[in-house]
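Each residue of the sequence shown is one higher than the last, beginning at 81 in my numbering.
It is possible that part of the hints are untrue.
Here are the simulated DMTMM-like cross-link-like pairs (lysine to aspartate or glutamate), alpha carbons at most 20 Å apart as the crow flies [stated by the list, open to error]: (1) Lys85 - Asp105; (2) Lys197 - Asp128; (3) Lys119 - Asp109; (4) Lys164 - Asp153; (5) Lys98 - Glu122; (6) Lys164 - Asp128; (7) Lys175 - Asp153; (8) Lys197 - Asp184; (9) Lys197 - Asp90; (10) Lys129 - Asp94.
What follows is a list of derived Cβ distance ranges for each label pair [what the hints assert, rightly or not]: (11) Lys129 - Glu83: 29 to 37 Å; (12) Asp153 - Lys129: 16 to 24 Å; (13) Asp176 - Gly106: 13 to 21 Å.
Simulated from the structure, these hints should not be mistaken for laboratory data. Cβ coordinates follow ideal geometry from the N, Cα and C atoms, glycine included.
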Amino acid sequence: MAEIKYSISDLIDDPSKKIKVVTLDGQLDESNVDNFAPKIYEMIASMDKATSVIFDFQNLSYLNSKSIGYIADFYNQVTAKGGKIVITKAASNIKDILNVVGIDQMIPLTQTMQEAKLMA
Numbered sequence: 081m082a083e084i085k086y087s088i089s090d091l092i093d094d095p096s097k098k099i100k101v102v103t104l105d106g107q108l109d110e111s112n113v114d115n116f117a118p119k120i121y122e123m124i125a126s127m128d129k130a131t132s133v134i135f136d137f138q139n140l141s142y143l144n145s146k147s148i149g150y151i152a153d154f155y156n157q158v159t160a161k162g163g164k165i166v167i168t169k170a171a172s173n174i175k176d177i178l179n180v181v182g183i184d185q186m187i188p189l190t191q192t193m194q195e196a197k198l199m200a
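Put together the whole structure using the sequences plus the hints.
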């Protein structure tokens, strides 16, 4: 069974924006995504309108198709509340997967947290 560790924090260095940062570490796959996703849905439900979410994928080493489906749904829910989603610091193998399935057409992919903050 793959392990995923995550943390959720408020980005407070820019008072003009409301931004949550979800940092992932490990592999997001069939064995853990159904436990991880409800935590993100709870976060989205509790967010104020126009709050954006940055997913920090720097330490994410694997992402399966079911996980990508959840990311697309997170996008729909966040944008319905007037927010944005940005993915930052994804490894090349993760970026390749996101590009192939077209997630990069919906969600900006950035190299740095600074770029992600500007896009959020």
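Checklist entry - When you take the CB atoms of Lys129 and Glu83, is the distance between them in 29 to 37 Å? => result With a Cβ separation near 34 Å, Lys129 and Glu83 satisfy 29 to 37 Å, so the hint holds.
Checklist entry - Is the straight-line distance between the alpha-carbon of Lys164 and that of Asp128 20 Å or less? => result With a Cα-Cα distance of about 12 Å, the restraint between Lys164 and Asp128 holds, given a limit of 20 Å.
Next on the checklist: Check whether the Cα positions of Lys197 and Asp90 lie no farther apart than 20 Å.
Outcome noted: holds, 12 Å
Item to check | Straight-line alpha-carbon gap Lys197 to Asp128, limit 20 Å | outcome: holds, 17 Å
Checklist entry - Has the given pair, Lys129 with Asp94, been kept, meaning a C-alpha gap of at most 20 Å? => result holds, 17 Å
Item to check | CB-CB spacing for Lys129 and Asp153 relative to the 16 to 24 Å hint | outcome: holds, 18 Å
Checklist entry - Is Lys119 close enough to Asp109, meaning Cα to Cα at most 20 Å? => result Measuring from Cα to Cα gives roughly 15 Å; hence the hint holds.
Item to check | Straight-line alpha-carbon gap Lys164 to Asp153, limit 20 Å | outcome: holds, 12 Å
Checklist entry - Given the hinted pair Lys197 and Asp184, is their alpha-carbon gap at most 20 Å? => result holds, 17 Å
Checklist entry - Is the hinted pair Lys85 and Asp105 satisfied, with a Cα-Cα distance of at most 20 Å? => result It holds: about 5 Å lies between the C-alpha atoms, which stays within 20 Å.
Next on the checklist: Tell me if the straight-line CA distance from Lys175 to Asp153 falls inside 20 Å.
Outcome noted: holds, 18 Å
Checklist entry - Is it true that Asp176 and Gly106 lie within 13 to 21 Å of each other by Cβ? => result About 19 Å separates the Cβ atoms of Asp176 and Gly106, which means 13 to 21 Å holds.
Checked against the numbered hints above, the structure breaks none of them.
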